[in-house]
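> First residue of the sequence shown: 1, per our numbering; consecutive thereafter.
Take these hints with a grain of salt, some might be off.
What the hints assert, rightly or not - Taking lysine-lysine and the PhoX-like style, the derived pairs with C-alpha atoms no more than 25 Å apart in a straight line are:
hint, residue 1, residue 2
1, K24, K78
2, K239, K192
3, K60, K78
4, K3, K192
Unchecked claim - Listed next, with one range per pair, are the computed distances between beta-carbon atoms:
hint, residue 1, residue 2, range
5, P37, A138, 50 to 60 Å
6, L56, K78, 36 to 46 Å
7, P148, E16, 38 to 48 Å
8, G65, S126, 51 to 61 Å
9, V87, P257, 22 to 32 Å
10, I131, T108, 16 to 26 Å
If you're looking for bench data, these hints aren't it; they were derived computationally from the structure. Since we're looking at a predicted model, the values are computed, not measured. Even for Gly, the Cβ is constructed at its ideal location relative to N, Cα and C.
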Amino acid sequence: MAKHADIVVPTTTSFERDDFAASKTNPTLIAMPAMVPPYANARDDYHTFSALAHRLGFGKQFTEGRSAREWLEHMYDKWSAELDFPVPSFAEFWRTGRLELPTRTGLTWLADFRADPAAHPLGTPSGRIEIFSDTVDAFALPDCAGHPTWYEPSEWLGGPRAARYPLHLIANQPRTRLHSQLDHGGASMASKIRGREPIRIHPDDAAARELTDGDIVRVFNDRGACLAGVVIDDGLRPKVVQLSTGAWFDPADPRDPDSMCVHGNPNALSNDSGTSSLAHGSTGQHVLVQIERFTGELPPVRAHEPPRLA
Numbered sequence: 001m002a003k004h005a006d007i008v009v010p011t012t013t014s015f016e017r018d019d020f021a022a023s024k025t026n027p028t029l030i031a032m033p034a035m036v037p038p039y040a041n042a043r044d045d046y047h048t049f050s051a052l053a054h055r056l057g058f059g060k061q062f063t064e065g066r067s068a069r070e071w072l073e074h075m076y077d078k079w080s081a082e083l084d085f086p087v088p089s090f091a092e093f094w095r096t097g098r099l100e101l102p103t104r105t106g107l108t109w110l111a112d113f114r115a116d117p118a119a120h121p122l123g124t125p126s127g128r129i130e131i132f133s134d135t136v137d138a139f140a141l142p143d144c145a146g147h148p149t150w151y152e153p154s155e156w157l158g159g160p161r162a163a164r165y166p167l168h169l170i171a172n173q174p175r176t177r178l179h180s181q182l183d184h185g186g187a188s189m190a191s192k193i194r195g196r197e198p199i200r201i202h203p204d205d206a207a208a209r210e211l212t213d214g215d216i217v218r219v220f221n222d223r224g225a226c227l228a229g230v231v232i233d234d235g236l237r238p239k240v241v242q243l244s245t246g247a248w249f250d251p252a253d254p255r256d257p258d259s260m261c262v263h264g265n266p267n268a269l270s271n272d273s274g275t276s277s278l279a280h281g282s283t284g285q286h287v288l289v290q291i292e293r294f295t296g297e298l299p300p301v302r303a304h305e306p307p308r309l310a
């Protein structure tokens, strides 16, 4: 995303700012005080958005007069006031670093609702598990009914588009990094083929294209293209290829919006449309493509090089 931005604001990491962590299913609240001062002139997100809000004329409404640390204390105090059990002050919590919350042993999900649905209703309009939604049905959307149903995907091997792009690409989460984080790290780099993201292909599909392990291929459709390194894998179904997400975008010509990604980012191929006009969920994990051997001069990979600043 930063490569598409006109202005990039350096921000702090979680080691450089105060925060706390919790989750709905974890009984521990963790204090996260900054471990090191911010590097160079990096600012935390709240500082940056506060400054932008002030320049746009609504800084007081955004900050409500609180610093980032004061917001942490405010949220903690508001949360603790609604509890039916005592907790220490924010200062004490921050000093000790963690707060263990009381839990019931042997908790069974929705046990109270199952035992007495009238006394313990769910947060749905009917208070019960709903398979049909009057609210969603009333929207009268052509691609999202009020109940679960199947809609033909815009791209799949059973559709007309497969005649031109006969391979179903699965863009799954990578095993060598978290999304795109640490793409330049040792584990991620060790998985690449001649510097490109690996693409796995069934032996029959590789043979039909006269491809062997380690070949560099051009993966393409009418939306874009990227380069990837071939890994032949009989664990895949025929007509299915797999290219993980997260290789840093590296267009051959950054000035050309239609330029091929030389590093292997599947976003160059994906369709920018949501799952439905209601949900707008991501559909980038499935896309139809074609593959061919790349025969030109192999372009260098510059994905991990620092940008040249104006």
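> Could you run down the list of hints and mark each one as holding or not?
Verification of the supplied hints:
1. K24 with K78: holds (17 Å)
2. K239 with K192: holds (22 Å)
3. K60 with K78: Holds, because 20 Å separates the two Cα atoms, which is no more than 25 Å.
4. K3 with K192: Judged against 25 Å, a Cα distance of about 21 Å means the pair holds.
5. P37 with A138: 50 to 60 Å: Holds, at about 54 Å.
6. L56 with K78: 36 to 46 Å: violated (27 Å)
7. P148 with E16: 38 to 48 Å: Holds, at about 45 Å.
8. G65 with S126: 51 to 61 Å: violated (42 Å)
9. V87 with P257: 22 to 32 Å: violated (53 Å)
10. I131 with T108: 16 to 26 Å: holds (22 Å)
When each numbered hint is compared with the structure, violations occur for hints 6, 8, 9.
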